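Q: Below are the chains, spelled out letter by letter.
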Amino acid sequence: MEYKKEVKCVIWDLDNTIWDNVLTESKTIKLKTGIEDILNTLDSRGILNSISSKNNYDDAMRKLKEFSIDHYFLYPQINWNAKSASVAQIQKDLNIGIDTIVFIDDQPYEREEVKSQYPQVECIDSVDYKELLSRSRFNPKFITKDSQRRRLMYLENIKRTRLEEEYEGPKDEFLASLNMEFIISEAAEEDLQRAEELTVRTNQLNATGKTYSYKELNYFRSSPYHKLLVCELKDKYGSYGKIGLGLIHITEITWEIKLLLMSCRVISRGVGSVLLSYIMKQAKTENKKVTADFIKTDRNKMMYVTYKFSNFKEVLVLDNGYIKFENTLEKIQEFPPYIKLSIN
Amino acid sequence: METKDKIRKFIESNLIVFNDEVIFSDSDNIFEKGFVNSLFAMKLLNYVESEFNISVNNEDIDISNFSSIDNIINLINKNRN
Chain A
1 MEYKKEVKCV
11 IWDLDNTIWD
21 NVLTESKTIK
31 LKTGIEDILN
41 TLDSRGILNS
51 ISSKNNYDDA
61 MRKLKEFSID
71 HYFLYPQINW
81 NAKSASVAQI
91 QKDLNIGIDT
101 IVFIDDQPYE
111 REEVKSQYPQ
121 VECIDSVDYK
131 ELLSRSRFNP
141 KFITKDSQRR
151 RLMYLENIKR
161 TRLEEEYEGP
171 KDEFLASLNM
181 EFIISEAAEE
191 DLQRAEELTV
201 RTNQLNATGK
211 TYSYKELNYF
221 RSSPYHKLLV
231 CELKDKYGSY
241 GKIGLGLIHI
251 TEITWEIKLL
261 LMSCRVISRG
271 VGSVLLSYIM
281 KQAKTENKKV
291 TADFIKTDRN
301 KMMYVTYKFS
311 NFKEVLVLDN
321 GYIKFENTLE
331 KIQEFPPYIK
341 LSIN
Chain B
1001 METKDKIRKF
1011 IESNLIVFND
1021 EVIFSDSDNI
1031 FEKGFVNSLF
1041 AMKLLNYVES
1051 EFNISVNNED
1061 IDISNFSSID
1071 NIINLINKNR
1081 N
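Protein chains in written order, with our numbering: chain A, 1 to 344; chain B, 1001 to 1081.
Hints were generated in silico from the structure; no laboratory data involved. Each hint should be verified, as a subset may be incorrect.
With the C-beta cut set under 8 Å, the calculated list includes, among others, these residues of chain B facing chain A [said to hold, decoys possible]:
id	residue
1	Ala1041
2	Leu1045
3	Ile1054
Each pair of labels, with its calculated beta carbon distance range [claimed, not checked]:
id	chain 1	residue 1	chain 2	residue 2	range
4	A	Glu286	B	Ile1023	18 to 28 Å
5	B	Lys1004	A	Ala188	50 to 60 Å
6	B	Ile1023	A	Glu314	27 to 37 Å
7	A	Glu314	B	Glu1032	37 to 47 Å
8	B	Phe1024	A	Leu163	27 to 37 Å
None of the values given here were measured: they were computed from a predicted structure. Every residue gets a Cβ at the ideal spot worked out from N, C-alpha and C, and that includes glycine.
Next up, chain A with everything else stripped away, as it sits in the complex (with noise of 0.2 Å):
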């Protein structure tokens, strides 16, 4: 198995990782040499730290506040359950790929298990935590701001999901209680490393899975025949970041959607279709229909879904996957009314 993802997520197990000796076993337990400034660098690079350890939860949390390194970990998984447990129920809160996971333990079993029922994560023996931050995968091609705020952006999410959670009464006033603002603005010269970042980034919600470099976006933004959007969100409790991007080649009679994308972390606040409104009410005021490149992957059938029940018509399809939709505009989805729309 090769990996090569860039990594997301890395899983740490505590005892003999994190640092020396057992936990239940052992009054003298010290940091790893070291440790903090892993974590510390991973962080600042935007690749999520979380746990998965076999230990007494309070007792764990408690020395990790000690150390102060608490802060650092997403929905630690300290429990006796299986390993392969824990990073499920990681990547499921996190709502990544489990091929952008490392799993680190100092235990021949446990890399063993996890393996067994996940082979896309990356297992690597703890011996060697001290060459993690040169590898390559390691090492995202750009560090944006919005990858800097990543794990501030998934506490903010975790208070969000928390009151919605407890929150009685119709989803839609929940939805508007956030206060949201969906900002919609030409690229700019400095969004485009996070507009590459979103291409590399997300699979379940692109339309065609194809990712575009820096120099290509930066073509297309000039472009006098293209239009490259990004889609910010915000809400009461801070922004989401750099969320969507949609890129439009323009002609004469239609305007081709070439890409659309859109931020799994976003999801959840039926955000997805807004850009699609925007681009074809905006198309319809030119007079012109709307076409978009799909192409299929193991991914992002969501994105199909999304098309379809946006009254799109497939016109062409493809051995390879590829299809073609086109929409004539006589029917364009109102934006949901709990969120308000800003065009830069």
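Once you have looked at the hints, place chain B on chain A.
A: Leaving out everything else, chain B in the frame of chain A:
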């Protein structure tokens, strides 16, 4: 529970409107009435596929097949046969 009741219950638990006393018939278009949004359409598709153990063909992924309780039931029956 009957298929129809299951679907109705699922839709009702996902309503996004403010009004607590929403009444809709089996033939009402739930999207046009604004009871649910497009995100819900995706959830509904996943729900129908997993709950009734069917796989909806690409040709049938059309908003009209999901727009009312009656249409959803037709879709399920068609895929069961």
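Q: All hints are to be evaluated individually against the structure, with a verdict given for each.
A: Verification of the hints:
1. With a cut of 8 Å, the hint placing Ala1041 (chain B) at the interface with chain A holds, because the nearest CB-to-CB distance is about 5 Å.
2. A least Cβ separation of about 6 Å between Leu1045 (chain B) and chain A falls short of the 8 Å threshold, and the interface hint therefore holds.
3. Restraint check, Ile1054 (chain B) versus chain A: the minimum CB separation of about 15 Å is more than 8 Å; hint violated.
4. Remark: the range hint 18 to 28 Å for Glu286 (chain A) to Ile1023 (chain B) is contradicted by a beta-carbon distance near 41 Å.
5. A hinted range of 50 to 60 Å holds for the C-beta pair Lys1004 (chain B) and Ala188 (chain A), which are about 52 Å apart.
6. Separated by about 36 Å at the C-beta atoms, Ile1023 (chain B) and Glu314 (chain A) satisfy the suggested range of 27 to 37 Å.
7. At roughly 23 Å, the beta-carbon separation of Glu314 (chain A) and Glu1032 (chain B) lies outside the given 37 to 47 Å, and the hint is violated.
8. At roughly 29 Å, the beta carbons of Phe1024 (chain B) and Leu163 (chain A) sit within the given window of 27 to 37 Å.
Going down the numbered hints, you'll see the structure goes against 3, 4 and 7, while the others check out.
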